[in-house]
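**Q** Listed below are the residues making up each chain.
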Amino acid sequence: MSLRRRRFLTVMFLIFVLLLSGCWSRREIDDLAIVTGIALDLGPDNKVHMTIQLVKPEVLAKRAQGGGGGGNADKAYWLLESHGLTFVDAVRKFNTLSPRQLFLAHNVIIIFGEDLARRGIASTLDRISRTKNLRRTIWVMVAKGKAREVLEAELEPEYLSAVAIGHMIEGREVYSQSYGIDLKDFLRVLTGSSPNPVASRIELRKEFTNREFWEVDEDGQGEAGQGEEDAKEHINKEARTQGREQAKKSVVLTGAAVFKKDKLMGWFDPTETRGLLWIQGKMRRGIIIINGPEGEKMAFESIRSKSEVVPKIHQGKLIMRVKIDEENDFAEDMGFVPLTPENIPGIEKKIAAAIQKDIEAALRKGQKEYKSDIFGFGAAVHRKYPQQWKAIKGRWEELFPQLEVQVEVKSKIRRRGMSTEPPKPGGKE
Amino acid sequence: MEKGKITARQAMLLIIVAILGDGIFFLPTFVAAQAKTDAWLSFLLGSILGLLLTGIIIKLGLRFPDKTVIQYSEELAGTVVGKLLGIWYIAFFLVTTSYLTREFGEFLTTVVMPETPILIFMIFLSIAYSYAVYGGIEVMGRVAEFLTPIYIFLLIVMMGLSVKDMNLQELTPVMGNGIGPVIKGSIPPFAWTANVSAMLMLIPFINQPEQSKKASYMAVGVVGLLFVVNTMQAIAVLGAQEVARLEFPFFHLAATVRVANFLERIDALIMIVWVTGDFIRACVFYYVGLLGLSQWLKLKDYKPLVLPMSLLLVSLGIVQFDSIMEIHTWGGQGYPFYALSVEAGIPILLLIIAWVRGKSSRV
Amino acid sequence: MILLVLVVFFLVLWLELPKLIRQRWWWELAVFAVIWALALVVSVAQIYDLPLPNPTHGLEYIFKPVSHWFEEVLS
Amino acid sequence: MFNRIFRKVRDSIKYGTGINVSGGDEHQSQVDSRLDNNLQRLKGIFEGCADVVFREFSLGTEEPVRAALLFVEGLVEMVAINENIMKPLMYEAGHRNPAITNIFKLVKEKALTIGKVNETTNMEEVVEFILSGYAAIFIDGSQQVMLAHVRGGEHRAVEEPSSEVVVRGPREAFTETLHTNISLVRRRLKNPDLKVEMRKVGRRTKTDLAILYIKGIVNEKIIREVKERLNRVDVDGTVASRSLGEIIQDTSWTPFPLITYTERPDKLTAQLLEGRVAIMVDGTPIILTVPVLFMEQLQSSEDYYEGFFPASAIRLLRFMAINIALLLPSLYVAVTTFHQEMLPTPLLISLAGAREGVPFPAFVEALVMEITFEILREAGIRLPRPAGQAVSIVGALVIGDAAVSAGIVSPAMVIIVSLTGIASFTIPGYSFALALRLLRFPIMFLAATLGLFGIMMGLIFLLIHLVSLRSFGMPYMSPIAPATYGDWKDTFVRFPWWAMVTRPRLIGQKDPVRQARGLQPKPPDKDKGGSGNPGSR
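Chains as they are written, first to last, in the working numbering: chain V, 1 to 429; chain B, 1 to 363; chain E, 1 to 75; chain S, 1 to 537.
Hints are computed from structural coordinates only; laboratory data are not their basis.
C-beta: ideal position from N, C-alpha, C; glycine also.
Check each hint, because a few of them may be wrong.
[Said to hold, decoys possible] Derived, one-sided and incomplete: chain S residues facing chain V with beta-carbon distance under 10 Å:
hint, residue
1, Gln-144
2, His-339
3, Pro-346
4, Leu-351
[Said to hold, decoys possible] Lysine-lysine pairs mimicking DSBU-like chemistry, simulated, CA-CA at most 35 Å apart:
hint, chain 1, residue 1, chain 2, residue 2
5, B, Lys-164, V, Lys-410
6, V, Lys-384, V, Lys-368
7, B, Lys-164, V, Lys-357
8, V, Lys-260, B, Lys-184
9, B, Lys-164, V, Lys-349
10, S, Lys-116, E, Lys-19
11, S, Lys-510, S, Lys-215
12, B, Lys-184, B, Lys-83
13, V, Lys-306, B, Lys-164
14, V, Lys-263, B, Lys-164
15, B, Lys-213, S, Lys-221
16, S, Lys-215, B, Lys-67
17, B, Lys-67, V, Lys-412
18, V, Lys-393, B, Lys-164
19, S, Lys-227, B, Lys-5
20, V, Lys-312, B, Lys-67
21, B, Lys-164, V, Lys-144
22, S, Lys-116, S, Lys-190
Produce the entire structure from the sequences given, and follow the hints as far as they go.
**A** Structure (structure tokens):
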């Protein structure tokens, strides 16, 4: 248009050229070492021992093209280990070990070793949350034993164990015997008024045996929970389908790791985990097995649940009321009892009782043994009675183990699947 | 000097982004640090105060629908006081532009490209707003008309995507610590919504000045709504303590989005929101400051000043702060009061004088 | 660095000066020159790490007490 | 600065004033009454012009009057010359009484069987008319010259449009002949309000030019602006409409077309009806229309020949296509070199695997491929049609495949580049598509250095540039910014025709309503029968 405009454009162009001569943050996609999993253990001298799983994209690309004959020769990942005084120190040290630049944004899981978790992880978490590229959607888990071993697990048909574990956590809701939490929620709980988070528990099975994978070593309950039995069955089935050559390392994702503040207190077994999930309202779907009217086993699948934690001050005493509303599908019947409107209320009561048992197991361990308010009772009090909370906040750790908890469970049976009655041999008379 | 005219709607869109621009990124941290779970109440209160201030600003502006505040402040308050008020007003807008330029770079170096020198971002932003301001108010109005809907749409999409991560119980207890923290926390949002005082300079360029009333109320209303919803969401998803702890809560809000294993990590899109928002905000502030300055000095045109002033602002932006910690401390504590002394103080003072002396250009 | 800065500054000069002179806007030219020189001084001082008065600190000096007073009133 | 140099250069070139007839003497430019003098002068003027025919003959038989016929071979219809001029003049005029004093009047009124005959006494005008295809008849003793309209000769017939193809819709395209073109429009607009103003442009070429508009709809400000700008044009000659367009458009400092060029009479008619002004240049089938808006570049005449749902969907598709054409390579470069976290993990891994061993950075890869693609496309256009297709298809396939298997580029890049190329073909406005193809490169450059931030900044600069553009006073980005929501009915989507009651606000503001309201189809009214729409306003 005018002379000025042209000059303006010329100047802009010149400035661009001057500015664009450098490309600061550039890195080519094939120069990246894509990290999919991080494992943190306690190393010697209280250092952080860090293991990362890195993807070999070329191997995966070859597999995708179908060539390469079998493709079992190369692993799709490699592991790197380093020590550092701090998390960042360890991360940066990888650059002395890897020809490619570490790229953390696609990380799926972060696994803490048991020893490190017991020592406390707050400082590590601080560094993680400062790191630009580490997402808050990564899953936080604690390994029973060494964390680095978990990354070595092989989970067919996935090539990357970390990604596979991520999928396992996402699929946990079908069975609901394990806990899953991402970094964002972990931090939210840790900074909230009941700063006692729970993380997933993961364990490496070095070899498959028919032996029970869950060792009831910690409280030695005589009566195994229903869920546990279930889990056993599940594993058996798995063993049958996967064939005999199950000598590979695989992992189990059950139970939960219970923290108090940022320190690991101990483990929840599947039953207790389910109890915790019921209380927190995070239960999605799970199998409940009861003894039916004729003594046979009946299985129900819980499909929907709602929980409410209501603190009440009754005659100057704080009482927690946990109310649970839950709906079931009839899943399986070992006997041949048809469900009728007459026997349903009785069965529903039995389901409620089974759930209550789960919850009580969780409360027993969490409240009495670990004395860790993972259930968020403190936060509930804070919400409902902010003024009183100020007074008892300091003493909460002493108050909590003595807290009276009332559990109310309401169960409903809604549907019965695709058939009306079990297939009784010989048919119905 | 400025022959262009904009519509009231364009002015509204300019003002909306001029407030939201960096506010939606920075403010939740400042506010949550004070009011914790009640941060959203603080935003509500701040926005209501902002609406009250809008009433005052519009009353004053419509008394002189064909003049800018720089022009009538002398008429109202006398030459000396008027000039002083004028420069106080102008300096605020120019200084804020300089802050913005710095902030813009800080965000991008922190979040997107840590290796790139901050100066690059600042220079790019300053070229962009210089170019737009050079084009005049009409160009800015049209840019806003084009970008603001996209901007708001993106904001809403990002908020919508993180709805499923919300834990509404994080929002309770409501006013657990009484109303004190809420009021304390409402100062920064009020200071931001008070940016509507840029209207004092824009009213004479709106083709139907009467409509500026509706436009300003709408702008502050929309902003208030978005502020409140955004803060509620940030707290519900991340927890109040985390919001107070995080450098850019809105960024993390978007970073937690996870839809069907496909739509993940949309945080780079946050950059689009940030860049458009800060760009328009800087445009408005720079334009108001520069036009004000040239009217204050009785220049014939503001355009010759565009480039040297942007050089000055960029270099000042570097000088003003040593670190992002300083920006945050100043932004959360000192700046809101400074802003309010200009944005609320000047219009209230002038309106009182106008009432007392019974002056208006509309006889 | 200093060279780059000078190039940018003189580019600005080259862009704006001819028009100002052609139109004989002397007062505008004066304002332009003052701002330009100020910017140059600040940038050059910045590059050579010379001590500069920080306007933010000035403002902080005024408004910090207000902030503290406010804090005390409401806590 | 450039301006100054240019001005100097321009002033240093002294133009000829075109046809030098008079030699500066005023009365010399008058036609002489003596035929010999006239012929001598004309022979001097047309010296070396072998295509100018001088035919001398006599009128009548008894007392012959000498006469001469001048025309340019090839520009005239020879049949008309032979049958309608020579024959009557040589035979019939002779049978009349030669004693009639005004032989000139006699010839004109009784002899010539030509529809359009002008008279003049000005020699310059005579020369001009001869050159534009008239036959000049000189009669000895008469100062007046008859100019018979016998224009004709060889030219291209009306054919199908080649650059703006539609599946359904009229198959006519403009030709090189101005009068044919005007008639193509006139046939569609049988209305005295369609005004056609003729003028000439070009000192040497004397190109005919027609300004078409519909009085009563067109915004007078625009028509005044067009005339003013055309008056300003002082060039040696204009061969193509584009060169004229570049002189009269608002600014040349933009890659975007500020004038539309069309070769479709139906499109032109529709544009005239919206209140636009058309400028036709003789000798080119491409017609200029002004003012033009950004969004119009995405509209094809096809949209109006399809139903409203498909047409709207296709329009939205094109909208996507321009984004792809402009941004896709830049986004690819930015995402793969700066924002890898944005990609889903499996995609990232497969992209990284595919790039394994590619020696160039993604930006260079993209640049090389894009430039190769542009070269192929250019070659495809320049070559004869059958060869051109072979070159573009085979070239793209072979080079793409070879480059991938040689490991020079990654397969993903080939996909990106071809997608970009194909997307840019969907844009109806050819000049607009060119602009986008051009702008792709600076944005790619920004993306390669600053990632998404660079793209954002590039787009913001582009936006500021676009909103500050004007086409004959109309904001280029209207109706988006400044927004006139009433006009959105024909912007992103195309509403059914009955809903488009008003013309585009800014252009056709003089007579905003274009059709009756309530034309939408209704079920037949049982009481009255028929839909009962008043046909007129």
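**Q** Could you run down the list of hints and mark each one as holding or not?
**A** These are the hints, each one checked on the structure:
Nearest Cβ of chain V to the Cβ of Gln-144/S: about 50 Å, over the 10 Å cut. The hint is violated. Residue-level restraint check for His-339/S holds (minimum Cβ-Cβ distance to chain V is 9 Å; threshold 10 Å). Of the supplied interface hints, the one on Pro-346/S holds, with its beta-carbon coming within about 9 Å of a beta-carbon of chain V, less than 10 Å. Interface restraint check: Leu-351/S against chain V, minimum CB-CB distance 6 Å, threshold 10 Å, status holds.
The hinted pair formed by Lys-164/B and Lys-410/V meets the criterion: a straight-line CA distance of about 26 Å does not exceed 35 Å. Straight-line distance between C-alpha atoms of Lys-384/V and Lys-368/V comes to about 24 Å, which keeps the hinted pair within the 35 Å bound. Among the hinted pairs, Lys-164/B with Lys-357/V is consistent with the structure: their alpha-carbon atoms are about 31 Å apart, no more than 35 Å. Taken as a hint, the Lys-260/V and Lys-184/B pair is honoured in the structure, with Cα atoms around 33 Å apart against an allowance of 35 Å.
Distance restraint check for Lys-164/B and Lys-349/V: the Cα-Cα separation of roughly 33 Å lies within the 35 Å cut-off, and the hinted pair is therefore satisfied. With a C-alpha separation of about 57 Å, the suggested pairing of Lys-116/S with Lys-19/E is violated against the 35 Å cut-off. Among the hinted pairs, Lys-510/S with Lys-215/S is consistent with the structure: their alpha-carbon atoms are about 10 Å apart, no more than 35 Å. Our distance criterion of 35 Å between C-alpha atoms is met by Lys-184/B and Lys-83/B, whose separation comes to about 32 Å.
A hinted pair counts as satisfied when its Cα atoms are at most 35 Å apart, and Lys-306/V with Lys-164/B qualifies at roughly 16 Å. Proximity of Lys-263/V to Lys-164/B is assessed by CA-CA distance (about 29 Å); at most 35 Å being required, the pair is judged to hold. Between Lys-213/B and Lys-221/S the CA atoms are separated by roughly 33 Å; this keeps the pair inside 35 Å, and the hint holds. Taken as a hint, the Lys-215/S and Lys-67/B pair is broken in the structure, with Cα atoms around 40 Å apart against an allowance of 35 Å.
Of the supplied pair hints, the one linking Lys-67/B and Lys-412/V is violated, its CA atoms being roughly 72 Å apart against a limit of 35 Å. Of the pairs offered as hints, the one joining Lys-393/V and Lys-164/B holds, with about 31 Å between alpha carbons and a cut-off of 35 Å not exceeded. Our distance criterion of 35 Å between C-alpha atoms is met by Lys-227/S and Lys-5/B, whose separation comes to about 27 Å. The hinted pair formed by Lys-312/V and Lys-67/B fails the criterion: a straight-line CA distance of about 63 Å is larger than 35 Å.
The suggested pairing of Lys-164/B with Lys-144/V holds, with an alpha-carbon distance near 32 Å, which does not exceed 35 Å. Taken as a hint, the Lys-116/S and Lys-190/S pair is honoured in the structure, with Cα atoms around 22 Å apart against an allowance of 35 Å.
Comparing the model with each earlier hint shows violations of hints 1, 10, 16, 17, 20; every other hint is respected.
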